[in-house]
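Chains as they are written, first to last, in my numbering: chain Y, 1024 to 1355; chain V, 1024 to 1355; chain D, 30 to 359; chain B, 30 to 359.
Keep in mind the hints are simulated off the structure, nothing from the lab.
Given the structure is predicted, the values throughout are model-derived calculations rather than measurements.
Think of the CB as a built atom: it goes at the ideal place given N, C-alpha and C, for glycine as much as any other residue.
Some hints here could point you the wrong way.
[Claimed, not checked] FRET-style restraints, in silico, Cβ to Cβ: (1) B:GLY152 with Y:ASP1104: 53 to 61 Å; (2) V:ASP1274 with D:PRO218: 45 to 53 Å; (3) Y:ARG1083 with B:THR32: 53 to 61 Å; (4) V:GLU1034 with Y:GLY1254: 53 to 61 Å; (5) Y:VAL1028 with V:ASP1274: 47 to 55 Å; (6) B:GLY314 with Y:GLU1331: 53 to 61 Å; (7) V:ARG1315 with D:THR343: 41 to 49 Å; (8) D:PRO218 with B:ARG359: 51 to 59 Å; (9) V:GLY1273 with D:GLY259: 39 to 47 Å; (10) D:THR343 with V:GLN1320: 40 to 48 Å; (11) Y:ASP1133 with V:ASP1274: 44 to 52 Å; (12) V:GLU1331 with D:PHE313: 55 to 63 Å.
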Amino acid sequence: MTATVTKTLDERLELFRQMLLIRRFEEKASRLRAKGLIPGFLHPYIGQEAVAVGICDQLRDGDALTSTHRGHGHMIARGADPKRMYAELYARETGYNRGKGGSLHMMDADRGFLGANGIVGGGIPLATGAALQMLRGRTGGVAVSFFGDGATNEGTFHESLNIASLWKLPILYVCENNLYGEFTRQDKHQSIKDVADRAAAYAMKGVIVDGNDVEAVIAVAAEATARARAGEGPTLIEAKTYRHRGHFEGDMARYRPQEEVDFWMKRDPLDLYEARLTGEFGADADAIQAIRDAVEQQLDAAAEWAGEQPHPDPSESTEDVYVDSYEGAALR
Amino acid sequence: MTATVTKTLDERLELFRQMLLIRRFEEKASRLRAKGLIPGFLHPYIGQEAVAVGICDQLRDGDALTSTHRGHGHMIARGADPKRMYAELYARETGYNRGKGGSLHMMDADRGFLGANGIVGGGIPLATGAALQMLRGRTGGVAVSFFGDGATNEGTFHESLNIASLWKLPILYVCENNLYGEFTRQDKHQSIKDVADRAAAYAMKGVIVDGNDVEAVIAVAAEATARARAGEGPTLIEAKTYRHRGHFEGDMARYRPQEEVDFWMKRDPLDLYEARLTGEFGADADAIQAIRDAVEQQLDAAAEWAGEQPHPDPSESTEDVYVDSYEGAALR
Amino acid sequence: MTTFTYADAIRQAISEEMDANSDVFMIGEDIGESGGVFGVSKTLWEKHGHHQMWDTPISETAVVGLAVGAAMMGARPVAEIMFSDFSMLAMDQIVNQAAKLHYMTGGQLSVPLVIRMVTGTGGSTAAQHSQSLEGMFTGVPGLKVLAPSTPEDAKGLLRAAIQDPDPVIFFEHKLLYGGRGGPAGDVVPVDPIRFGVGRIHREGTDVTIVSYLRTLHHALAAAEELAEEGISAEVWDPRTLVPFDRAGLAASIKKTGRLVIAHEAPVRGGFGAEIAAWAASECFGDLTAPVLRIGAQNAPIPYAPILENTVLPTQASIANDVRAFMKRAR
Amino acid sequence: MTTFTYADAIRQAISEEMDANSDVFMIGEDIGESGGVFGVSKTLWEKHGHHQMWDTPISETAVVGLAVGAAMMGARPVAEIMFSDFSMLAMDQIVNQAAKLHYMTGGQLSVPLVIRMVTGTGGSTAAQHSQSLEGMFTGVPGLKVLAPSTPEDAKGLLRAAIQDPDPVIFFEHKLLYGGRGGPAGDVVPVDPIRFGVGRIHREGTDVTIVSYLRTLHHALAAAEELAEEGISAEVWDPRTLVPFDRAGLAASIKKTGRLVIAHEAPVRGGFGAEIAAWAASECFGDLTAPVLRIGAQNAPIPYAPILENTVLPTQASIANDVRAFMKRAR
Ligand SMILES: Cc1ncc(C[n+]2csc(CCOP(=O)(O)OP(=O)(O)O)c2C)c(N)n1
Ligand SMILES: Cc1ncc(C[n+]2csc(CCOP(=O)(O)OP(=O)(O)O)c2C)c(N)n1
Ligand SMILES: [Mg+2]
Ligand SMILES: [Mg+2]
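Using the sequences and the hints, build the whole thing.
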């Protein structure tokens, strides 16, 4: 059974808009970082946009997700505000985390976005626990855990999937297999070709999807979320994709063969979808251009707004260590 | 391809002797503990003897193995001296670990027995590292990691098997699936029925064997060790077996259905093999009886010897914290 | 009449908090029908049913990680680590996730989580089932760390921990579960106890002995011994290590002028270091003698009873150490 | 003429020990062809080939566990943890296995293992890539803990660590790798340095400042500042935290009568507590003022540069704190 999700043209344009928003958000962030405006690490999501947008398309209020060090795409796909994201990257008071988290820890709890994570595999148990709480409360919600191919070699992956299958937790494990963990190609970090093969180790359903085809991702997400909401348990989804750039800003990615890069650049998820939109789905070029303009405008305004935001006051460094710090607990 | 291992009758009697030695060692240990002579935890290996004896039959000098909290059987099968094992259980100076380890940490480094382990899954990376060192040194050695069904849910299992397969390490992962992890039945701790199914997650070879049939275990061990020594990489061997008693001495094991216990008691590995010995292999009853007597005598003498051994001197409590403690490092 | 044990106290605290709030649940290994290795969760499975009792595979990282994730969604999980030694397998989820989430998300959400750990040495369970690791957690900003020494404190502090909005590490000493007794009765009502308030178990004027968990009881017995020799020891139990009752300790030091700290963890790097260092800074003027730290020898815990006894502080060793200390100090 | 950096020092120490002994090998994530995130292993892959360089999947527990297992078979592995924060995923193998094996097996075998960890704060890498966790390891019997502050010490101590028969935790501060410089030259020969011998970086008579890693350099700069104001600070670097040069510290305290400890870890539960506590016990008679501990604020490390700077001790904050301390102390 494959779930069929039929989208209107407007919905399709919206999918395109979201992917473009992610793409341009990241490209702009990269430029801002090069100018010295963003400190710390930045792991661009460029190339993988169809995965975030496709999966999040099937989420509702009350659902939750965890992300990785490469988290901006998931966060934007979940509807977070680029203004406050840039403000966070700028380490400002009005950023999502009030300047305390940055890229690696950005969170939007109101939208159930339970955070980027600086620990590879660190978010997998968290999402699983969120799913447990949904099951306990019979909320009908689902949790999603995004992670990379490299993360599937961490113990947290194994322990979490085993439990989720055992308890039939409402969760999607979404592995974005972009062929590399940091500078290490998949065949140098695991002997399997398809991460989805690991599902069988937990008697879990595993599926492979073209992670550069947003509607294909939507189809598997629709089925997996339906199964999860119906109490039929978790799915491991392997989305085959590629990161266009280095592991982080500053990594020139010289360790990748040029043919491989070329192959994948031709399969750019935005180009592919734009071609379908204007071809198969009959979108007109103006509509696409309007989206481009709007995205550009939104991001320019967002970055500008962010740049005007106040820095946190130094006294905030010891705030929020505890919710209830009693007397003296949070002192030096 | 299945390796064929043909044993002489004498060799078969020796296998029986080893299994019996383990059985009686454990039964006696249980009685000694009931008398208050052995402190701490004791996890009897009774019922699983064919696994230890069958696997260790295929090991050579220079091979290494790691064990678990239920380690006496593996240690005896590897040729360790019951005298010094009882002395260790009695916490005496001449025990294997000079009284510092007890059952949970018993080790015989000279025989490559790299120790029982108090941490479930804790020995799996250690054996994998031993295999790495063998590969590095091209020693032709193999490592064996014994662990239980419960341990296969720990992250260490996952991380280690992934690496071993990737690097084609010379190692056997031997899961003794005795249906329970502590008080929890397998179907309450994992959704799969066969642990061997997990091998595919690492593109590793997985095999299932009747863990109560010593010659069947030998056959899979022969093949797996041959592959390992030939540089063809690791094997995950699942030996289906059963522990006759509670998880540890003191556990009445009331959580197990009587029919299940009955079923397995009828499949006692010693009874099964004795029947084959006297039937199919034409051993005579006297030979068996002679083994029984010798084992009894050996263990009586061993326990007696152990009971006469000196206690460690209190001053030894701070010895061997470091090999080289420099000045002051090991002080209070 | 039944005696209220430390184990009863813990079970009752959990049960009462579960009754009061369905967001409270337990998660851990073999905590279900079997009642747990130490019998702490006995009856909870039947009383609170599946949705408040989650008996897990052997997967410490996931046990804690799931609890953290559920807490992020508003649950109040009580995770059990069978022996605190096994917490080493879950350190990432404790130190890098639970402790930091509230802070690094700018206060967007909190992690109201209790991690119960069986701690301490006893009964020759040897090096991997006997450690006193509280010092590792007290140094992590964002965690609270409790170490109750009596059944009443165990119940009151655990109730407070479950109600607390922050991640709490809750140490239970394995040798305190059974025997120590407490008020008579099957169920003893105890109110939640505010964190950061120490307790004077015995008043004294010559020396302050700070102690907790099982060692507190040795210290109390040692103090009785010393009293007969004319040494008046005040025995003070911080009960909560983080937050720590600094005012309470300062007051006691002001009175006695002398500070001894006794715990089961090795001296080097034990929580006693923090107490001593703090006092050497903030109570320096009141101290009339060097600070004395008593703890385990700097060694893993050995199996042999004779060595186990040597490694650990005992009533006798504490009495001896304090006696010698007072001789030097006078 | 090239400058010998801290990163060079570490690379050279590993390379020289690999040349000397084929049982020495490196194991860790992305340490191969790419040269590692901090470029420390650059050229080692080519020079020492596959059998001495093991580039692993992302599996911290296995990285350390394999190293321990290989060490049990006689190898001398150098395991790399990319950021010390990730060591939390490997704590069981470090604390429960590596640290205890020699002892709990009655000395049957040893674990000659070095675990290198990138430590400390800098560059807004935020709460999970910035911790100073040395205090967790110093409290574990069986581990040795090193914290070199200069290129020479890094090279000499790492060579000694690789030759040492026990498990050694080796902290490298991320902000020391690049710039700090050292003697000129591409390859600087440095002999192995004996553990437990501190180093006086600056002589002084009024106050002893104990510091290490990056903070040492702040302390030295602060001492220069204070010197102009007539405060003579002795700056002393223990170099190895376990074993610790007690005699060296005692001698300095005897001279100055005053003890300040400055490190990047939070004050509560940092290794400074152990130093202060030891001094409050063993040097009490020589201390003429309360001990002062300087460290990070008790918070996770925040992302914003302005907050990161506030949380950490700096040259200015150390100078200020010591200035105020001397005012009180005189
Ligand atoms: C526990 C841990 N180990 C190592 C790292 C360093 N690190 C950050 S990202 C990364 C690679 C992750 O690869 P993958 O999971 O495939 O995600 P991708 O970067 O490809 O999106 C590594 C090794 C880390 N952050 N956490
Ligand atoms: C890390 C860790 N978690 C939990 C325990 C407690 N424990 C000891 S044995 C055991 C069950 C192990 O089950 P399995 O691996 O199937 O081995 P078996 O006892 O059946 O031989 C448990 C949970 C432990 N010793 N270590
Ligand atoms: Mg990847
Ligand atoms: Mg089992």
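Going down the list of hints, with the structure as the test:
Between GLY152 (chain B) and ASP1104 (chain Y) the Cβ separation comes to about 26 Å, which falls outside the hinted range of 53 to 61 Å. Look at ASP1274 (chain V) against PRO218 (chain D): about 34 Å separates their beta carbons, and that is not inside 45 to 53 Å. Between ARG1083 (chain Y) and THR32 (chain B) the Cβ separation comes to about 58 Å, which falls inside the hinted range of 53 to 61 Å. Separated by about 55 Å at the C-beta atoms, GLU1034 (chain V) and GLY1254 (chain Y) satisfy the suggested range of 53 to 61 Å.
The hinted window of 47 to 55 Å between VAL1028 (chain Y) and ASP1274 (chain V) holds, with their beta carbons roughly 53 Å apart. Taking 53 to 61 Å as the suggested C-beta distance range, the pair GLY314 (chain B) and GLU1331 (chain Y) conforms, at roughly 59 Å. In this structure, ARG1315 (chain V) and THR343 (chain D) meet the distance hint of 41 to 49 Å, their C-beta atoms being roughly 46 Å apart. At roughly 55 Å, the beta-carbon separation of PRO218 (chain D) and ARG359 (chain B) lies within the given 51 to 59 Å, and the hint holds.
A hinted range of 39 to 47 Å holds for the C-beta pair GLY1273 (chain V) and GLY259 (chain D), which are about 46 Å apart. One distance hint, 40 to 48 Å for the beta-carbon pair THR343 (chain D) and GLN1320 (chain V), holds here, with the actual separation near 42 Å. Look at ASP1133 (chain Y) against ASP1274 (chain V): about 48 Å separates their beta carbons, and that is inside 44 to 52 Å. For GLU1331 (chain V) paired with PHE313 (chain D), a C-beta distance near 56 Å keeps the hint of 55 to 63 Å intact.
In the structure shown, a violation is registered for the earlier hints numbered 1 and 2, in ascending order.
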